[in-house]
Every structure is written in C-alpha cells, then in structure tokens.
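Fit chain B to the given chain A structure using the hints.
There are 2 protein chains.
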Amino acid sequence: MSGRNAFYAQSGGVTSVINASAWGLIQGCRARPDTFGTVYAGREGIIGALDENLIDTSKFLDDTLEHLLWTPGGAFGSCRYKLKGIEQNRTEYERLIEVFDAHDIGYFFYNGGNDSMDTAHKVSLLASEMGYPLTCIGIPKTIDNDLAATDNCPGFGSVAKYVATSTAEAGYDIASMCGSSTKVFIMEVMGRHAGWIAAAAGLASERAEFPPHMILFPELTFDADDFLNEVDRCVADYGYCVVVASEGIAYADGTFVAESGVKDAFGHAQLGGVAPALAKLVGERTGHKYHYAIADYLQRSARHIASKTDLDQAIAVGEAAARYAAEGLQGVMPAIIRGDGDSYTWSIQPADLSDVANHEKFMPRDFITDNGYAITQAARDYLQPLIEGECFPPFKDGLPEYQRLDLERLVARKLAPRA
Amino acid sequence: MSGRNAFYAQSGGVTSVINASAWGLIQGCRARPDTFGTVYAGREGIIGALDENLIDTSKFLDDTLEHLLWTPGGAFGSCRYKLKGIEQNRTEYERLIEVFDAHDIGYFFYNGGNDSMDTAHKVSLLASEMGYPLTCIGIPKTIDNDLAATDNCPGFGSVAKYVATSTAEAGYDIASMCGSSTKVFIMEVMGRHAGWIAAAAGLASERAEFPPHMILFPELTFDADDFLNEVDRCVADYGYCVVVASEGIAYADGTFVAESGVKDAFGHAQLGGVAPALAKLVGERTGHKYHYAIADYLQRSARHIASKTDLDQAIAVGEAAARYAAEGLQGVMPAIIRGDGDSYTWSIQPADLSDVANHEKFMPRDFITDNGYAITQAARDYLQPLIEGECFPPFKDGLPEYQRLDLERLVARKLAPRA
Chain A
1 MSGRNAFYAQ
11 SGGVTSVINA
21 SAWGLIQGCR
31 ARPDTFGTVY
41 AGREGIIGAL
51 DENLIDTSKF
61 LDDTLEHLLW
71 TPGGAFGSCR
81 YKLKGIEQNR
91 TEYERLIEVF
101 DAHDIGYFFY
111 NGGNDSMDTA
121 HKVSLLASEM
131 GYPLTCIGIP
141 KTIDNDLAAT
151 DNCPGFGSVA
161 KYVATSTAEA
171 GYDIASMCGS
181 STKVFIMEVM
191 GRHAGWIAAA
201 AGLASERAEF
211 PPHMILFPEL
221 TFDADDFLNE
231 VDRCVADYGY
241 CVVVASEGIA
251 YADGTFVAES
261 GVKDAFGHAQ
271 LGGVAPALAK
281 LVGERTGHKY
291 HYAIADYLQR
301 SARHIASKTD
311 LDQAIAVGEA
321 AARYAAEGLQ
331 GVMPAIIRGD
341 GDSYTWSIQP
351 ADLSDVANHE
361 KFMPRDFITD
371 NGYAITQAAR
381 DYLQPLIEGE
391 CFPPFKDGLP
401 EYQRLDLERL
411 VARKLAPRA
Chain B
1 MSGRNAFYAQ
11 SGGVTSVINA
21 SAWGLIQGCR
31 ARPDTFGTVY
41 AGREGIIGAL
51 DENLIDTSKF
61 LDDTLEHLLW
71 TPGGAFGSCR
81 YKLKGIEQNR
91 TEYERLIEVF
101 DAHDIGYFFY
111 NGGNDSMDTA
121 HKVSLLASEM
131 GYPLTCIGIP
141 KTIDNDLAAT
151 DNCPGFGSVA
161 KYVATSTAEA
171 GYDIASMCGS
181 STKVFIMEVM
191 GRHAGWIAAA
201 AGLASERAEF
211 PPHMILFPEL
221 TFDADDFLNE
231 VDRCVADYGY
241 CVVVASEGIA
251 YADGTFVAES
261 GVKDAFGHAQ
271 LGGVAPALAK
281 LVGERTGHKY
291 HYAIADYLQR
301 SARHIASKTD
311 LDQAIAVGEA
321 AARYAAEGLQ
331 GVMPAIIRGD
341 GDSYTWSIQP
351 ADLSDVANHE
361 KFMPRDFITD
371 NGYAITQAAR
381 DYLQPLIEGE
391 CFPPFKDGLP
401 EYQRLDLERL
411 VARKLAPRA
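These protein sequence lines are chains A and B, in that order. Residue numbers for the first sequence follow the UniProt record's numbering, beginning at 1 and rising by one. Residue numbers for the second sequence follow the UniProt record's numbering, beginning at 1 and rising by one.
Where hints are given, some of them may not hold.
Identical copies look the same in the list; a pair holds intra-copy or inter-copy alike.
[Stated by the list, open to error] Straight-line Cα separation of at most 25 Å, SDA-like style, residue types lysine to any residue; simulated pairs: (1) K308 <-> K396; (2) K396 <-> P385; (3) K84 <-> R32; (4) K308 <-> Q403; (5) K361 <-> N5; (6) K396 <-> R380; (7) K396 <-> Y344.
Bear in mind the hints are in silico, worked out from the structure with no lab data behind them.
Only chain A is shown next, with the shape it has when bound in the complex (with noise of 0.2 Å):
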C-alpha cells in the first residue's frame, strides 16, 4: 500500500546544491514507499502550488534524478514570492490547501531561507486549524548563511569557497602587476544584512600582507575616512590593496552604500553596485588606480568550484526531511548540529520551524577583527571546515554535464485556476 502524496518546492536565490537537497529528499520517499506516494514538485516553487503546476518526479529515472547532485540553480524552478500574514491573505493559504486536498498530499517540505520556514510554519498552522492533516517540513537553504538554529546553511559552503578561491585568485593577479597596473581591486559579493560571505574571502590568507587585505561586513557602520586611510596604509605596506565588500554595506544613517531604490517581492532593497561606489570613492580620493569585480549570481550557481562538506549537508538535510515524516515530526527543519570534539564533525537534529523562522543569523562580533575590516581565529575555526573537500561535477566536451529536467509536461489539473 502506498502512503500519501508529498509536495516539495524550492523558494527564493538558489544556490548550487539545493537540487542536491530535492535528490536526498526525493530518494528518502522512494526509500519509504508505505508512507510516500508520489513526490510532486512545485513548478516554480510555490507558486506552482498555488496555480496547480505540479511536476510527477516519479516520472525521472535515478539516472535523470542523479544530475541533480551537480546541476546548479533550481531544477523545478523557484520563485521570489512571499506568502503574506494569514490574517492578511487566508484565501492564498486556503488555495494551498485546496490544491494539496485535490492531489491527495499529506506532506509538505518547503526549500528555502528564514522567509520560506515563515510560510512552512504558517501553512502547518492553518492546516491544523482547518482539520486538514499535513506535515510540514522546512528544509534549509541560503547562501546568506544567516539561518537560526542550524549551524550553518546548505548553499553557504560552497559559495563561501567560491569567493575564497576567486579573491585568492585574483589576489595572485594584482600582486603581480601593482607596481605599474592597478593598486586597489574590489571585489563585491551578496550578503544582504549579514557578513558570512564576505567573511569567507578571508580564509584565502592567514597573514595580514595576503589578500584580502580588508573585508567590510553589513554588520559594522561603513566609514568612508577610516575606508580610505585603510585603503592607502594597505598600498604604501603591501604595495596593493584587496577589497571584499560585502553588497549590504551602510552608512552611520542607515544609508546603503549601494543602495538602487529597487525593492524586490520581499520588499527588500534590491541592492548592486557597492564595488563601483567604492571605487569611485578610492579613485576621487586616493587617485589609485583601481579595478572591481561583481560576481552577482556567479558566486551563488558555481557548482564546478562546491565544497564537498556543502553537498553532503545538502543532501543529508533532504533526506532527512524525508525520515522526519516519516517517523511523524511536525513543524520542524533539519538543522546542522557541529560536533564539539576538536576536529570537525556534524549531525542532523530537528528545530521547530518556529525558532527559525524569521530570525536572522549575524556575525558574532568576535568574528570579526576590533578594527572591523578582518576575520578571527574564532571566525577561521567555524568557517574553513565549511570549504572543506572538492565535489567537481562530471566534464563533457570541456563543460560540466549540467542536465535541464524536462518540466513541460505537468501533473493534469483538477481545479479552476486560482482567482
């Protein structure tokens, strides 16, 4: 006998392991056949819930499914759309019900960050209250790293090698022109409110003369003067000055450096272009000569350069979705539990929904060097086992072997359209 249906949906930024995640979940179903029916997949996240776009993955062979382990970005595709208060909009919360009742789903797992545990603890709520019985289960993702109650996020480790391995690239590369070419480079990388990106460039070096040479994080007030002078002591000791901002950056009035006055469906500042206001910054004041890069959705979808530590968490925390379900938890995220031996160990335990959600995880400020512009020992000690191990995808013709699911042939409709 088969067990009800599951839905699963991927939300907000992807990043280049969370298909690993949909793979461990969708494999923890399979292995559980009396509990799981079919693993539907919401065809742009939950968006394809609430207009009844849903993809059968009992459809894919494990052959098909297995690209999921090394094809970045979101295989069923995801969406920037945040499920307002249920007070606010009962009737979207409804319709989601009404679809999972249509399709016979008793489980809900819900991919995403702080806003996506939100929802999933909100759904499970109002399921409650409407007599509907339906799991929810978040499973993390972010490369923000900013997640409460886990100890850090899939996503985040392997754009955290990303970063590392480009700034120390690109470091080798000024060092060796700056005495003719250019003297400051930027590099800009994502980190809303939180620096954990940004402070993963400073696993490149351990000596203060090794780029980077200065990390700003969203977590300190950005000063122009104190930047500057920085800047100029790093040229005259180094001959060079290597820069990772961070695109959260403000100043002491809450101005962001980069700030575009675009606000995304989140109502989010739609940040960009903190590397070329720097830079003007460092060209008007200081006349160095300066360049700057904005790796943007590169740093997020670099799957070639994952970190294997990364990648088995993604998959650990799919999978154990799956097991949680099935063994009847409610309200509850898979959290990473590091081990407290010497060397790095780690474990998968449940959170409640209800202490991740919406909770934003900073930057300790012991993480973060008194004078505000390096990383710790004790930021060193939580970051580098997050980089550790290389998972490079299979090479064909000179190319990782990315693979597109086929997602036009979607599960028959058995409702109107949504209002």
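The following block gives chain B in isolation, referenced to the frame of chain A:
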C-alpha cells in the same frame, strides 16, 4: 662548460597559465646546460631588467618551481610598461643591453602579447645594430587571443573555459527564477577590440533558447535599439535573456559603451562598466528586472577551472622557446599550429616576430551569426578544443594550493641605478 645566461620576463596582463610557460622555459633551459647558464627572471617584467632587479631562478628547487604549473598570476611579477620606439627612447634600449651585458645575458625571452612581441623584435634589431650577441625569443601569452601567426594564444583557453562555465551556471540560476525575479542578466567580460572571450560563452549552449541568448562583440557596432528589441524578444520567447558583453563594444561613432576616459600606460582607454551601462538601458527602456556581473580579474586568474589544452600549450611554448634559442633561431615566437584533420591536433612551429608584432587578430565575420548576437558552427569548431580537458590544482584545507615564490633576495647589482 655552462652557456651564457638567459633573461625571462612576464609582460602585460597575466593569465592563469603564464607561470606554466615560465616553468616550461626554465625546464627547457635546465635541460641544456651546455647552452644556458642561469635563467634570470625580471622582477616585474621588463622593469626588472631596466632596474637591474633580477631573480636567480636556479635558487628554486624543482618542487618549488612545480607550483608554477598551477599558480595563477605572474610569479615573478609583470608590468604594464611599453618601451617606446627606438628613435624616441634609445637610452632605454641601451640600458637593457647594458644590464644584459653586466650579467652575461645572451638570451632574452619575452612572455607577452602584441606589444611585447614588438618590443622583443626591436630589442633584437638594436642588439644586432650594437653588435651585442643576443638571441631574442617571444613567448605568446594573452587572454585576448588576438595574436597573429598563432592559431590561438596560451591563456585564452582557460578564460574561455571559465566564461563558458560561468555563463552556463548563471544561466541555470536565472532560468529557475525568471518567472518572478530577474529577467535580464548581463555578464561583462574582457576583450577590448577582439571578441574571442565573449564568443567563448557561446559554447555554453548549442540551442537558441538556452543561455547565453546574446553575445555582444566589439567587432560589430552596438545599436541600442536593436539590442533592446532582441532582449525583449528573448524575454518573450524564453522567459529571460542572458547577455554576455565584451568590455570593448562601441557605438557607431566609436564611443565605447563603457568609456571611462582614463588611459593606461600603453595609451589604451581604460574600460569598465559596460554591464552597468547596458543594465541601465535595459531598466530604463524595457522595465525588465536585471542583474549584472563583472568578472574582471576573476576570469583571467581562475586557475581552478583552467583548460588542460591551454595548460599543455602554455608549457609547450615555454619549452619550445628554450629549444629554438638552443637551435640558434633568432627573433621568433613559438606559434601554435592547428592540424588539418577532423579531430583537433596541434603542434608548435616558429613564427617571425615581425609577423606577429602589432597585428591584432579579430573574430572573423563568419564566426558570428548574421544577426550579430551569437556564434556560428565555424566558431564552435574553432573554440571547443581550446577549453577541452580539466587540470584542477591540488587542494589543501578546501582551497587551491597556490604558492608565492620568495622574490625578496635579488641578484647583486653590478651597475649604478638608471637615470
């Protein structure tokens, strides 16, 4: 008996495999002790010769030098410094010869692009005129792939592999979210006059609906209206549009789309910011949500995703340079010659520096599709073998095990400082 000493210098923008050419040359010289004495490298390229800052490469053991095979940047330092014409600045050429004479240097190996091949050619002419016996050999290097007389340039294959891989990866990211998020993504790559690097992005997709959807080549005139129409068409047809833009694209009147007004030491306009300029156009004229990335130095230092073909060729031109010098050739550069067969083969043959110097090789028009926004099968056939093969560096603690050479102890000077 030991032969006369050699001088090696890295010139201009560095690549992820220029050090592999240095390794090939040094090994080639070490293998011929009857011909070559010590190989000195210039600290910061040709400036090292002018300032008599010489690095004695015989001090480095083989297992230290081996790191040159996988460390990006210019291990001995490079520079942006172009010797003027002999008529304008004969003193500088004479100083070079003076330094060479003081250190019994009979071989000059110059590892660079167009400007450097020109300099090597001029030095060989002047040495001959002055009656100073000096063998001058160029070693090709440039990510731009614009050198004449060689089928391709060491350094290009690796940046091509990086750009194609990154475009593919970012494409997966954007495809998964375009329904509710970014619709237009622009990646800016290097390429001042020649579009080879941008063209390489085209290898990421063989079908029009897959990214990149548009490539902007500096060989063609940029037409904003036509560009925006095509962006709109892609968004309508595919849901999103991935654009790869050469930094050097220009309007019909010759104005660079990204002109910043600053010139470098070679008198070339310093470009930067074509991506934000295009993004601004897209935002203002189409209203589509956009993101952009600027790969900048990341692309030319990304040794972690270097092409094995490129690495092999970089080593081979270094080794061939030593061999040519030993064989008594003068004023030549080892060129890469493509075999005629269906499958890719290559060999190294000498090309006259006078045939290489100051000629730029552009993308042939038949490598670009009629609409001007994609590459043809002829371009694919040319480009694909150059990104073939992987040669990951060794990793330690999660990062590539790059290493700096100790360049502090220079050879004792024998001359007074130059005026």
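Hint by hint, here is what the structure shows:
{"no.": "1", "hint": "K308 <-> K396", "verdict": "both (21 Å within a copy, 13 Å between copies)"}
{"no.": "2", "hint": "K396 <-> P385", "verdict": "between (30 Å within a copy, 12 Å between copies)"}
{"no.": "3", "hint": "K84 <-> R32", "verdict": "neither (34 Å within a copy, 75 Å between copies)"}
{"no.": "4", "hint": "K308 <-> Q403", "verdict": "both (20 Å within a copy, 23 Å between copies)"}
{"no.": "5", "hint": "K361 <-> N5", "verdict": "neither (34 Å within a copy, 60 Å between copies)"}
{"no.": "6", "hint": "K396 <-> R380", "verdict": "between (35 Å within a copy, 15 Å between copies)"}
{"no.": "7", "hint": "K396 <-> Y344", "verdict": "between (34 Å within a copy, 16 Å between copies)"}
In this structure, the hints that do not hold are numbers 3 and 5, in rising order.
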